[in-house]
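K.L.:
This is what each chain is made of:
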Amino acid sequence: SQQGEEDPQALSIQEGENATMNCSYKTSINNLQWYRQNSGRGLVHLILIRSNEREKHSGRLRVTLDTSKKSSSLLITASRAADTASYFCATDQTGANNLFFGTGTRLTVIP
Amino acid sequence: DGGITQSPKYLFRKEGQNVTLSCEQNLNHDAMYWYRQDPGQGLRLIYYSQIVNDFQKGDIAEGYSVSREKKESFPLTVTSAQKNPTAFYLCATSQTSLGTDTQYFGPGTRLTVL
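Chains E and D are the protein sequences, given in the same order. In terms of this note's numbering, the first sequence has 72 at position 72, counting the first letter as 1, and numbering is strictly consecutive. Position in the second sequence counted from 1, then plus 1000, gives you this note's numbering.
Only chain D is shown next, with the shape it has when bound in the complex (with noise of 0.2 Å):
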């Protein structure tokens, strides 16, 4: 998990309430990843940022949103239009975008709706 810290590690909120889950690397990595994780299940991207100021949804970004305003953080935001936000929360970075780059995960946050 070195160089990736990613806050709260358990999180719980309320419905319709929107909630921000942290990422932050010293790894001097371009790359940046969410994934959703449900048990059982291996991992769904959500979103991702190549590059500062820009990032592109994945396979599941309906009711997420992020931000990549510093090459060190890229916060992700559960709204209340996702409808089943209970899950693990991976964030993961990587020196590139390609493919062929490994890519190093944080500890993850567990987000569990009341």
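For reference, chain E alone in the conformation it holds in the complex (with noise of 0.2 Å):
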């Protein structure tokens, strides 16, 4: 499958909590996003990251790629009940005209 991976499956926290989230892909990229889904409804971009760049932050989100080990995280920090919701990394893989999603890491925040 040219599918990514997410790890873990599945993660319930408290409220204020840090959320980090791992995907692991298996060819080479130009580039890696993050989408979320909230239940039902169609996923909403959140982050991009270049194969060249190691870390980037967007308000309480921070990404980072290791691409020698084919890996990226999502960190959330300081979570809220409102950060409920399935989180899917997608690669833009080199020679590909579309994206391959994950398998998604559904977080749950606990108020």
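It should be emphasised that the hints constitute simulated quantities derived from the structure, not laboratory data. It is possible that some hints are incorrect.
Cβ pair distances, simulated, as ranges [said to hold, decoys possible]: (1) D:1098 <-> E:7: 26 to 32 Å; (2) E:26 <-> D:1003: 29 to 35 Å; (3) E:45 <-> D:1051: 20 to 26 Å; (4) E:7 <-> D:1017: 36 to 42 Å; (5) D:1051 <-> E:12: 42 to 48 Å; (6) D:1062 <-> E:45: 39 to 45 Å.
Cross-link-like lysine to any residue pairs, in silico, SDA-like; alpha carbons within 20 Å at most [to be verified]: (7) E:26 <-> D:1059; (8) E:70 <-> D:1057; (9) D:1009 <-> E:41; (10) E:26 <-> D:1100; (11) E:26 <-> E:82; (12) D:1057 <-> E:97.
Which stretches of chain D does chain E cover? Using the computed rule of at least three CB atoms under 8 Å from a CB of chain E, they are [as the list claims (entries may be wrong)]: (13) 1048 to 1060; (14) 1103 to 1111.
All values reported here derive from a predicted model rather than from experimental measurement. Beta carbons: idealized from backbone N, C-alpha and C, even for Gly.
Given two chains presented individually in distinct reference frames, assemble the corresponding complex, making use of the accompanying hints.
P.N.:
Below is the structure:
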């Protein structure tokens, strides 16, 4: 499969804690994107990190990329109940014309 | 979800019937995509279109068909040849077909085969 894999599949934390989810992929990429999906809705783009970048921040989000390990992590700091959703990584693989989505991490933030 | 509409939100189909899912966008984006999502799973690409009057098969195109006669519209037909069509279908667009482009998603259509 060309899809990435997120780890863990599910994560449950208390409000205020940090949440970390990981994405591994198999081939060379141009960039990696993270998306969020609320239950039964479409996906919303969160952040994009290019293959020549190692870390990127956006508000409470921090994304890292290690191309040597073919992995990325998404950190959500000071989590809120409203962060409850599924989070997907998507890779722009070299030579491909579309994104490849991972299997997702379901995050539950308990108030 | 803004700028991309999918209809209907819920769709029920009897076995053996074809059904068409609508996707319309007013973002003036060149590229449009159809994904299928099964419970607890990621997205799998069905078809995509980089430009009007052109489309390409994705990973799971069998049993599906599309058309791209207008820039704004990319309807997906689920045919009776699709053996397990019950799923959540998501339409997406991007400004171009370059992988660096963000994809924008519609709200989805949940198809149930009775």
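K.L.:
Please go over all the hints and tell whether each is borne out by the structure.
P.N.:
Against the structure, the hints:
Against the hinted window of 26 to 32 Å, the Cβ-Cβ separation of residue 1098 of chain D and residue 7 of chain E comes to about 28 Å, which satisfies the hint. Remark: the range hint 29 to 35 Å for residue 26 of chain E to residue 1003 of chain D is upheld by a beta-carbon distance near 33 Å. Look at residue 45 of chain E against residue 1051 of chain D: about 22 Å separates their beta carbons, and that is inside 20 to 26 Å. As the Cβ distance of residue 7 of chain E to residue 1017 of chain D is approximately 40 Å, the hint placing it in 36 to 42 Å holds.
Between residue 1051 of chain D and residue 12 of chain E the C-beta distance comes to about 44 Å, which sits within the given range of 42 to 48 Å. Taking the beta carbon of each, residue 1062 of chain D and residue 45 of chain E are about 29 Å apart, not inside 39 to 45 Å as hinted. For the proposed pair residue 26 of chain E and residue 1059 of chain D, the alpha carbon gap of about 17 Å is at most 20 Å, so the pair holds. Between residue 70 of chain E and residue 1057 of chain D the CA atoms are separated by roughly 27 Å; this puts the pair beyond 20 Å, and the hint is violated.
A distance of roughly 10 Å separates the Cα atoms of residue 1009 of chain D and residue 41 of chain E; the hinted pair therefore holds under the 20 Å criterion. A hinted pair counts as satisfied when its Cα atoms are at most 20 Å apart, and residue 26 of chain E with residue 1100 of chain D qualifies at roughly 18 Å. The hinted pair formed by residue 26 of chain E and residue 82 of chain E fails the criterion: a straight-line CA distance of about 32 Å is larger than 20 Å. Between residue 1057 of chain D and residue 97 of chain E, the direct Cα distance comes to roughly 11 Å. Compliance with the 20 Å bound is thereby established for this hinted pair.
Check on the segment 1048 to 1060 of chain D: 5 of its residues sit with their Cβ under 8 Å from a Cβ of chain E, so the three-residue criterion for coverage holds. Using a Cβ-Cβ cut-off of 8 Å, 7 residues of the segment 1103 to 1111 of chain D lie near chain E, which meets the minimum of three, so the contact claim holds.
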